[in-house]
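Colleague: Taken in sequence, the protein lines are chains H and W.
Per our numbering: the first sequence = residues 375 to 643.
Per our numbering: the second sequence = residues 375 to 643.
Keep in mind the hints are simulated off the structure, nothing from the lab.
Backbone N, C-alpha and C fix where the C-beta goes; we use that ideal spot for every residue, glycine too.
Keep in mind that a hint or two might mislead.
[Stated by the list, open to error] Below, a list of computed lysine to any residue pairs in the SDA-like style, where the Cα atoms sit at most 25 Å apart: (1) Lys428/W <-> Gly473/H; (2) Lys479/W <-> Gly473/H; (3) Lys576/H <-> Ile509/H; (4) Lys639/W <-> Asn622/H; (5) Lys376/H <-> Lys428/W.
[What the hints assert, rightly or not] From the derived model, a few chain H residues whose C-beta atoms are all more than 10 Å from chain W: (6) Ala535; (7) Lys616; (8) Ser624.
[As the list claims (entries may be wrong)] Pair ranges (Cβ atoms, derived): (9) Lys428/H <-> Arg613/W: 41 to 47 Å; (10) Glu478/W <-> Gly473/H: 33 to 39 Å; (11) His583/W <-> Phe557/H: 49 to 55 Å; (12) Asp505/W <-> Lys479/H: 29 to 35 Å; (13) Glu572/H <-> Arg511/W: 40 to 46 Å.
Number of protein chains: 2
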Amino acid sequence: MKKIFILSDGTGQSGIDVLRAALVQFHDSPVTFTIHSRVETRERVKELLIDAKKKDAFVAFTFVKKDIRDYVHQYCLRHHIVHFDILGPIIRILSSYLGVAPLEKAALLRKVDERYFRRIEAIEFSIVHDDGKSIERLDAADIIIVGLSRTSKTPTSFFLAQQGYKVVNIPITPPLALPDALFETDQGKIVCLQMEPEVLQKVRLARLHHAHTSDNTYTNLKRIYEEAEHVEELLRKHRQWKVVNTTNKSVEETSREIIDFVIGKDVVI
Amino acid sequence: MKKIFILSDGTGQSGIDVLRAALVQFHDSPVTFTIHSRVETRERVKELLIDAKKKDAFVAFTFVKKDIRDYVHQYCLRHHIVHFDILGPIIRILSSYLGVAPLEKAALLRKVDERYFRRIEAIEFSIVHDDGKSIERLDAADIIIVGLSRTSKTPTSFFLAQQGYKVVNIPITPPLALPDALFETDQGKIVCLQMEPEVLQKVRLARLHHAHTSDNTYTNLKRIYEEAEHVEELLRKHRQWKVVNTTNKSVEETSREIIDFVIGKDVVI
């Protein structure tokens, strides 16, 4: 089995993110990952590279210190280890574009600052307002998501919350009406998730399988069509709502479309 | 103000991830971001590059199709636009390492598959088990987090849940005892978050400020010391628990340490 080592003087998270994105392009290749975070000395780097060589592993690394990057590169060249520097090239080119030298400090992720609090607040807000549990403070929400059961509301809300957006998500459960407050708040931040009935049925069936329960009406295609028709009718009445089709879409894609719609293309990252 | 464009035939998320990691190395440089996702034609690419040139923007891109990457590269060279290919180089080298040609299909993120369900289940599990709200199904948790109020339990739980781990988090609120069930489950998956009292006070003060409420005892340093002593005593009694010091640590760093401790360095990404 092919092995990928991620070496980092931080968490290695950007290495994980990039490798995940790249690896879906080779989806049938089984690979195992080993993450070595907070690797801070040359001695430790060397130990790990010796291990990588022995296992014929691919070494991807995210070191913010240039001398460690250079050391890894030289060592790998000399010992014929396939390696890839994830942060070095982008730091180099950003430095030249911004006209500023990099700090080269590991673990510079924003700690107890505004961004940190915004993110925590967003997560806590979104927990309280998940699945229609509370519709208080609708006006404080950045984004309001509505949709039938299993159209991806919860995972999408939490992906958005991680990025600092306060999300309320409210299930559409016909024949029950949506809460009045929803129609009284800013309609420009409401997004309705839709999914093709056949795919929604598949998701619900898989969900039941995972939850080890059964509920025939919930996965009955005729009933799902009726639910979908109810949503269509809502959308005809509320043309200001944005619609995102989540059929066969990843949570990341759905979230990106929602941000584009509600927040716009210019964002703080 | 410097501008960074992220162009992508997918969500651009890996571009965002890498730029975020690289940019903390230049933390005083104000930059605005514009994310253009699902850019699928050369015509659209060209429009955006013309705009980038006009604004003297840096163009980072994550296209999985090689011909689009080459087109962007050539266009930028010809028009002197600073640009950076985030996925191209790693896809190229992975292809050679794995001995497999890349699929070059955009939006290949895992849809309705095992991984998708695992992640959704983990998020839903972690919502139900946040902040001691439920301690049912402790045995089903992958990770159990305990700690004083504001030591980062909730954001850490949700960062871990996004990665597919089911997390229970339980607050330590002296003089109340922790639930008996905690001591009857696998002690190897319990992680206690600790924070230096002075920093914890700062976080609690900032939190009160954000929440627009006030509670003097909660932020009283003497009381925080007593709480911390209570935690020390718990740790002396339960030596199997892992301890992660979250003082000045990002949620990503804390999560990585927890994964290292409880799950190990070999992971599915």
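Colleague: Which of the listed hints are not met by the structure?
Modeller: 2, 3, 4, 5, 6, 8, 9, 11 and 13
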